[in-house]
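These protein sequence lines are chains A and B, in that order.
Heads up: the first sequence is residues 1 to 462, going by the working numbering.
Heads up: the second sequence is residues 463 to 933, going by the working numbering.
Honestly, the hints are just simulated from the structure, not real lab data.
For every residue, glycine included, the Cβ atom is placed at its ideal position computed from N, Cα and C.
Any given hint could be a false lead.
Facing chain A, a subset of chain B residues (Cβ under 10 Å, in silico) [to be verified]:
#1 Asp494
#2 Ala727
#3 Leu731
#4 Ala793
Footprint (simulated), chain B over chain A, 3 or more residues, beta carbon under 8 Å [unchecked claim]:
#5 195-201
#6 356-368
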Amino acid sequence: MGETNMMNKPDIKHTNPLAQTLLNKLDYDQLTNCMRCGFCLPACPTFRETGVEPESPRGRIALMKAVADGLMDPDQVFQDQMNHCLGCRACEPVCPADVKYGQLIEQARDAIEDHATHSVPVTGLRKLMFKGVFPKRGSLKLLGGSLAFYQKSGLRKLARGTGMMRLFPDHLREMESILPDSTSRGVIEQVGTFYPAKGTPLARVALFRGCIMDVMFAGTNVNTVELLSEAGFEVVIPKEQVCCGALHAHSGEMDQARSLAKINIDVFKDAGIDYVVSNAGGCGALLVEYDHLMHEDSDPEVRENAKWFAKRVIDVSKLVVEKGRIPRFAEKMSEQADVTVTYQDSCHLRNVMKSSGAPRQLMRSVEGACYVEMKESDRCCGSAGIYNVTQPEMAGQLLEHKMEHAATTNARYMLTSNPGCLLQMKLGIEKHKPPFQMEAMHIVDYLHERLVPAEDRNHNKS
Amino acid sequence: MLKAEITAKLRAIVGEKHYRDDQEALVAHSYDGTPMLQSLPDGVIYPSSTEEISQIMKVLSEYRVPVVSRGSGSNLCGGTVPSEGGVVMVMHRMNRILEVDMENLTATVQPGLITAEMIAHIEELGLFYPPDPSSMKISTIGGNIAECSGGLRGLKYGTTKDYVIGLEAVLANGSIIRTGGKLMKDVAGYDLTKLLVGSEGTLAIITEATLKLIPPPKAKKTMLAMYKDIYGAARTVSKIIESKIIPATLEFMDNPTIRVVDDFAKLGLPLDMEAVLLIEQDGDPETVERDIARIREICELEKADRLEVAESREEADRLLTARRSAFTALARLRPTTMLEDATVPRSKIADMVLRINEIAKKYNVTIATFGHAGDGNLHPTATTDARDKEEVHRVEEAFAEIFEASIELGGTITGEHGVGIVKAPYLEWKVGAPGIEVMRGIKAAFDPHNLLNPGKVFAKESRKRVVLQHG
């Protein structure tokens, strides 16, 4: 609608500088497109938890519009409300008018960030993480290495043993306890930059390795490469790729997100590939919207390339199901009854990358396993990027309800498709202890462990 | 902003955090699902019990402060916009199912309960509550009762009023009344239950409802019929009823709607069709089969150009997609969507649709019509842009003429959305000056100081009827 609609923003000069920035940055057409029908309310986790209108997408859009229209000041309550949104975007698929809520909330946060006065330590940490760590491979590897050192050297034991961790707030202490063993050896260090397809190659795909994924879940990246190869894809892993920029975009650091996107687009364009594969819903959702992220770039070539890139982004499960030779998966035969498996959707994978059927189809295909749908599996678990660190109270409530539903599935495995969700599920199991053994895993790791290699299949046939 | 003396009393009743008058709360309760209406209240209160509401009303009536009670604020008539300020009373904390009585087949619920959640619970117990407004995933039972919501099953099963058999409500002065009960027969005095259903929060604040439940139908079948001749579709509707078959669903879409829906959902619908009927029958399996066979014959007799009967649940879902997408497809055309609910006798459906199309052409506005053909309840839907004042004015003029046409055909200005602010200027056209007088008398008896949802139903000034030019 944006390009065709010439009537645009109200002609107002705000005295409040943040209000002016909000008016400038918010897409006023999108604000107008919200017809306030309220269909988004039941889909919104924060509305469901609190039951109050301002905690809903309709409420937040009304607040943004009220600020843009000069009906209210963007006070602290307003700013807190914008940050209270999980950004899970469950409101988008249910919106009759197709309002791009995810874009609006990012524009609002971007404007707020422009005027933010963070305390000195927070500013330092933001700068360190957003500018110094996520965008830089070297720093990330260093971080991964330090984490690994911390975890393996006995420092962790020392920290936990001496009660040093008690100095941290509860939620950070809980997070620390479930962090997986990190590594400085990412996927490229383990398998190289090229991995051939098993059998005739169906397509040439590039793995988006992610930054947190490649430090904390490098094994999942390796498994993804092997699974793709098994399904008939030739895999390349461009060395120069950088962080997707999602954490920056969600936190209002749009310029940073754009410069990272530019690097990635060029790197993958040069790799001559058919698809860009993501195994993390959070990263994939931003990658698939690079076209929107770059749509105001002054260089038409950048905009074209961004479109080229966005069109090729696909979730690993969806690629295997829709374009690949689906491998055979089987549970270990020692189990007597079928092993129960359940799944927590990654919000961004489901609501933005529109992949919810493919992972379920793969789980259902595992021989000796029984897939059980968890109640409200499509509802956010509270992880939401760094939300569980910045908004521990709401995140904790959401997780508690999530684990109540998890407990009724009796599932041996709780699978998910995003590192943040995976950590949150691990935390949930650790904290709420379901009355039976439950293990949280990335769907790729689960499937990889149960892969029946092609040669075995031939062997069985003969 | 209310005087500190009043807010202190209100906070003492509900607790500090359940009365709010900060900017965020006021802005977020200044609108509902109606386009282009917004007005800030003075405060927002979240009560948790009938007793609290009674105390709140005593305070508000003492100080003559208006109150707008609401559920999710999804109505389309401006019914919960606090146009005269005052306190917005949000019922979401009162959202419990108090009892499901399996012996009497009734459910007793609080008003803030989401309709779909109640239906899910009732269905788990093997029972059926038929009213199904399109907003039921978010609208509350209290809101449905206040507006007397309809839905797709109105023809066969009736609307909200047919299922509310008892109410508890708080009057403007704070006294509590109970009407009806778990009773299928009750003629003790005036029927206050029915009077409160559809009263749009202007007579009392509903605090509890007893609903009638029925056993669910055992089977269901879905079919779709398309017509090049809109009168063929209309005659089909009449003939089905004449054959003494009352379908569970009998939905209609006109040509402009078909075009928009097809463009949106890529269903491959033939674009030269003037009408689509979506028909469903439920009941015992044998009856369903027999009825569907007969309906099929009627469709063929009336020269339906395309006919599809679903053989499975998946096929039925595919057929339902077209009708289900209608609102979404229209809402995406332009920023502002105005959905009305003019309703005519079933036999006048085709005349009404053609009149709507003529009117849209006359005012050069886009209006597509879909709706519930079985009960004559149509949804002419205009797509526009709130920022284009001139076009919005033309849309409003077109709707005035549509209401006029509806009344001329023996119909009404609103079938299921309510009067609220939007249709108040037209109410007199439907009920006449003496009708308005009686209604005002009833309002004064319940609410002498006009504190309950003021500015709704009754217009400051009725609109003059336009003289229609035919031909």
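> Which earlier hints can't be squared with this structure?
Replying inline: 2, 3, 5 and 6
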